[in-house]
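As a plain string of letters, each chain reads:
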Amino acid sequence: MGGDGGDRLRELRERARGPRKTITTFGPEPYDDLAPVLDRFDADLRHESLPIPEESGYLVVERDGEYLGAVPAAAFDELRDPSGGAPWDATADASAYRELVGLLSGTAFEMDDRSRLVATAREVEDRAWRTGRGSLYATFQSLSAFRAQVPMYEHLAGTTDLSVTVFGEPDWEPPAIDGVAVHRDETGEVTDFWVVAFDGAGEDDAKSALIAAEERPGTYAGVVTYDPTVVDDLTAYLGGLAASTP
Amino acid sequence: MNNGGNTSRLFGALADRDRRIVLYYLREHESASVGTLADLVTGWAEAGPGPDRPVAREDVRVALHHVHLPALDAAGLVEYDSDEGRVTLVPLSAGGEAAVDAALAADTTEAGVDLDALLASAGDPGAEDGG
Numbered sequence: 029m030g031g032d033g034g035d036r037l038r039e040l041r042e043r044a045r046g047p048r049k050t051i052t053t054f055g056p057e058p059y060d061d062l063a064p065v066l067d068r069f070d071a072d073l074r075h076e077s078l079p080i081p082e083e084s085g086y087l088v089v090e091r092d093g094e095y096l097g098a099v100p101a102a103a104f105d106e107l108r109d110p111s112g113g114a115p116w117d118a119t120a121d122a123s124a125y126r127e128l129v130g131l132l133s134g135t136a137f138e139m140d141d142r143s144r145l146v147a148t149a150r151e152v153e154d155r156a157w158r159t160g161r162g163s164l165y166a167t168f169q170s171l172s173a174f175r176a177q178v179p180m181y182e183h184l185a186g187t188t189d190l191s192v193t194v195f196g197e198p199d200w201e202p203p204a205i206d207g208v209a210v211h212r213d214e215t216g217e218v219t220d221f222w223v224v225a226f227d228g229a230g231e232d233d234a235k236s237a238l239i240a241a242e243e244r245p246g247t248y249a250g251v252v253t254y255d256p257t258v259v260d261d262l263t264a265y266l267g268g269l270a271a272s273t274p
Numbered sequence: 100m101n102n103g104g105n106t107s108r109l110f111g112a113l114a115d116r117d118r119r120i121v122l123y124y125l126r127e128h129e130s131a132s133v134g135t136l137a138d139l140v141t142g143w144a145e146a147g148p149g150p151d152r153p154v155a156r157e158d159v160r161v162a163l164h165h166v167h168l169p170a171l172d173a174a175g176l177v178e179y180d181s182d183e184g185r186v187t188l189v190p191l192s193a194g195g196e197a198a199v200d201a202a203l204a205a206d207t208t209e210a211g212v213d214l215d216a217l218l219a220s221a222g223d224p225g226a227e228d229g230g
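Chains A and B supply the protein sequences, listed in that same order. The first sequence begins at 29 in this note's numbering and counts up by one. The second sequence begins at 100 in this note's numbering and counts up by one.
Here chain B stands alone, though its shape is the one from the complex (with noise of 0.2 Å):
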């Protein structure tokens, strides 16, 4: 692995809730099917942590398949096998596991995502290698 790049990817993939929400998952359980995913988004945004916001989880599942799954494997987090619809966890580095923890805590009490210390916190500041 790059890591030199993988900060701006880390960036972007932890920018969106859902794509977080699969991080906290997978470190527990490696693998899913998009299907288990798709209850666990659905149901943490509609009872979960943080505030009860209805969603259809049809929505949830075809956003993850088309959107946030591809990025997720982009980014180097998680390989995605769209044909089997399976998901699994790409072993972070430190600062992956440090900034998931954050965005864990964050995620989890009354505090916003501060994505900015989120970014401290992979260790990689500014770090940019184009690609």
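Only chain A is shown next, with the shape it has when bound in the complex (with noise of 0.2 Å):
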């Protein structure tokens, strides 16, 4: 368990969470397939059936009536199915889970689909590479965990002027990266969570932050926030394990 930290991480993903949201999709039949990606998120989900094409629908996103932003039906495949395609991907543009998961920031989710997460993370490290410099702080279970995205972060630091810190249990030994320090979380401080976290490089324009913690084997209860004061107490905290220990 992550003790101290992991108490830390808890309070701040609650900080993190916003007012309740509202996605409403519109078109000629409820899109009952985009129900298992919606549902995920704890936010109020309403249809309004509308006589247009199906492929013509949209949905909105919505906050104590304030509009947010829309996505079209003609991206709602890669809301299915999204890919965790690394930032500088053609397709990255495009990302309309990316889009999705932005316009839901704030909003807690519960996910049990790794893949998911890892698209639901990039939406942070996609910030952080089109920013190119500042600092981004990435929490795994364990570092073999890591291994997996080592080519992504060996280009995320190697292409940018990107300043990387990646924690985990040290249970294997990652090749040395330029640009990328890797915490040996000993203690097991992060363990629960998932955390990516970019400092916006001083731009409040540009903090965000996902805070995730498994809440049982395999399923991660989090938020993706853009909140500045969250993601500064955020990096503030997890710059200073890094700089606690060698």
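Errors might be hidden in some of the hints.
Estimated spans, in silico, between C-beta atoms of each pair [said to hold, decoys possible]:
no. : chain 1 : residue 1 : chain 2 : residue 2 : range
1   : A       : Asp109    : B       : Ala193    : 43 to 49 Å
2   : B       : Thr208    : A       : Ala249    : 27 to 33 Å
3   : B       : Asp115    : A       : Arg158    : 36 to 42 Å
4   : A       : Ser111    : B       : Pro153    : 20 to 26 Å
5   : B       : Asp151    : A       : Thr247    : 34 to 40 Å
6   : A       : Asp232    : B       : Val154    : 24 to 30 Å
7   : B       : Ala114    : A       : Gly207    : 56 to 62 Å
8   : A       : Arg108    : B       : Ala204    : 24 to 30 Å
Cβ-to-Cβ under 10 Å is the rule here; a few derived chain B residues that face chain A [as the list claims (entries may be wrong)]:
no. : residue
9   : Arg116
10  : Tyr123
11  : Gly142
12  : Glu145
13  : Glu157
14  : Val159
15  : His165
16  : Leu203
Treat the hints as calculated values from the structure; they're not laboratory data. Please read these numbers as outputs of a predicted model, since none were measured by experiment. Every residue gets a Cβ at the ideal spot worked out from N, C-alpha and C, and that includes glycine.
Build the complex: two chains, separate frames, hints provided.
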């Protein structure tokens, strides 16, 4: 268990939650096959029937009557099966799933699908890669879980001025990567968590973080946030943790 | 209702796409809040049928409130309670239904809207009672 660090991350995850959001689909019939995706987010789901072709439908995300954005039905396939593609993939610009995650920042979610959580984390890594500088922190249960992400992080650090810190229980020795520092989390302080946090290189608009905890084996409850005060506190905590031991 | 002058009013009401979208929605739902209609129209422009076009939802809401809903009300197509921010559809004539159907088909396919064809489908070409 994560001890003090776990309490701190749990508290930050709670702070990251914003007002409840509503997802409204517009189209001839409810998009029932989207429910398994949208149901993972703690938002109100509604359908408004509209006599347009099914492929011309769209969904709108709003919060307290404030319109946040829309995603076209043409992109719903990508919501159903999000790619975990890296930020620099040509298709990343059009990633509907990342767009949805962005619109649903501050909305709690529960996911038992690792590939979908990877795709969710990409929203934060994407912002870091586009900004190209600043500090990015990523926690893994164990460093062996980082193994599959090594090529991604090599490219992420190698094509930017980002300073990347990776945390994990030391069950595997990662290769040395320029721009990537590895923190061997001997105490398991962040073991239960999957955190990706970008400090925005000081720009509030670019600050973002995913904070998820493994509540049951294989099931993560979390939130993506753009709240700069939460991200500041989170990156300060992780920065301090990385500095505390070699 | 005076059907004679309604054709020109219908023409005017249907000339604007945002007003047409409101009618498509209200035919399914009868009444709606201005807020819901603003979401509907903004989402349609940004992610729905037709070309993708960024718009500001607040601009859409203001235009609905000040321009489009009063125009639809004046044309006898809706009743707009601007104090309550609530819009209710007035049942359309058969010609009006046909015109809105034709507009819907045009708005949800590649074809543009042919307003002359709409007028013809309204079944009352050229009628004008001046008021």
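Hints and how they fare:
no.	hint	verdict
1	Asp109/A / Ala193/B: 43 to 49 Å	holds, 45 Å
2	Thr208/B / Ala249/A: 27 to 33 Å	violated, 44 Å
3	Asp115/B / Arg158/A: 36 to 42 Å	holds, 38 Å
4	Ser111/A / Pro153/B: 20 to 26 Å	holds, 25 Å
5	Asp151/B / Thr247/A: 34 to 40 Å	holds, 36 Å
6	Asp232/A / Val154/B: 24 to 30 Å	holds, 25 Å
7	Ala114/B / Gly207/A: 56 to 62 Å	holds, 58 Å
8	Arg108/A / Ala204/B: 24 to 30 Å	holds, 29 Å
9	Arg116	violated, 13 Å
10	Tyr123	holds, 6 Å
11	Gly142	holds, 4 Å
12	Glu145	holds, 5 Å
13	Glu157	holds, 8 Å
14	Val159	holds, 9 Å
15	His165	violated, 18 Å
16	Leu203	holds, 6 Å
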